[in-house]
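Q: Sequence:
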Amino acid sequence: MLDQPPPKAGHNGGPPLEEEPEHATTWGRFVWRRAHKKAWKTPPREIALRRLARAEELGMSYKDYTLEIMERGRYL
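Every letter in the sequence shown is one number past the one before it in the UniProt record's numbering, and letter 13, counting from 1, is 13.
For the record, the hints were derived by calculation from the structure and aren't laboratory data. This structure is a prediction, so every number in the text was calculated from the model and none was measured. Even for Gly, the Cβ is constructed at its ideal location relative to N, Cα and C. Be a bit skeptical, because a hint or two may be false.
Across the chosen pairs, the derived CB separations fall in these ranges [as the list claims (entries may be wrong)]:
{"#": "1", "residue 1": "GLU57", "residue 2": "TRP27", "range": "38 to 44 Å"}
{"#": "2", "residue 1": "ARG54", "residue 2": "THR26", "range": "27 to 33 Å"}
{"#": "3", "residue 1": "LEU52", "residue 2": "TRP32", "range": "25 to 31 Å"}
{"#": "4", "residue 1": "PRO43", "residue 2": "PRO5", "range": "36 to 42 Å"}
{"#": "5", "residue 1": "GLU71", "residue 2": "LYS8", "range": "36 to 42 Å"}
{"#": "6", "residue 1": "GLY73", "residue 2": "LYS37", "range": "18 to 24 Å"}
{"#": "7", "residue 1": "PRO6", "residue 2": "LYS38", "range": "16 to 22 Å"}
{"#": "8", "residue 1": "GLY73", "residue 2": "ALA48", "range": "31 to 37 Å"}
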């Protein structure tokens, strides 16, 4: 890792927003990518269709609706 100051209070430990060189993959980046992939895994067809219909009722995109479910832990 480059010489960077330690993270400030409240930092969530996520990967940096700046792009790093390809060879600079770290364990933290690997774990975050794996968690992101797991969170956005395609749900069963029935659930995806139900979410899509509800998102359209609310005037949202499927991705935005799913993100709200993941962030809040409840359905809108």
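Q: Now tell me if each hint is right for this structure.
A: Hint-by-hint comparison with the structure:
Our hint of 38 to 44 Å for GLU57 and TRP27 holds, since their Cβ atoms are close to 42 Å apart. One distance hint, 27 to 33 Å for the beta-carbon pair ARG54 and THR26, is violated here, with the actual separation near 38 Å. Our hint of 25 to 31 Å for LEU52 and TRP32 holds, since their Cβ atoms are close to 27 Å apart. Distance hint check for PRO43 and PRO5: the Cβ-Cβ separation is about 40 Å, which falls inside the suggested range of 36 to 42 Å.
At roughly 22 Å, the beta-carbon separation of GLU71 and LYS8 lies outside the given 36 to 42 Å, and the hint is violated. Restraint check, GLY73 to LYS37: a C-beta distance of roughly 20 Å satisfies the suggested window 18 to 24 Å. At roughly 28 Å, the beta-carbon separation of PRO6 and LYS38 lies outside the given 16 to 22 Å, and the hint is violated. The hinted window of 31 to 37 Å between GLY73 and ALA48 is violated, with their beta carbons roughly 19 Å apart.
Checked against the numbered hints given earlier, the structure breaks hints 2, 5, 7 and 8 and satisfies all the rest.
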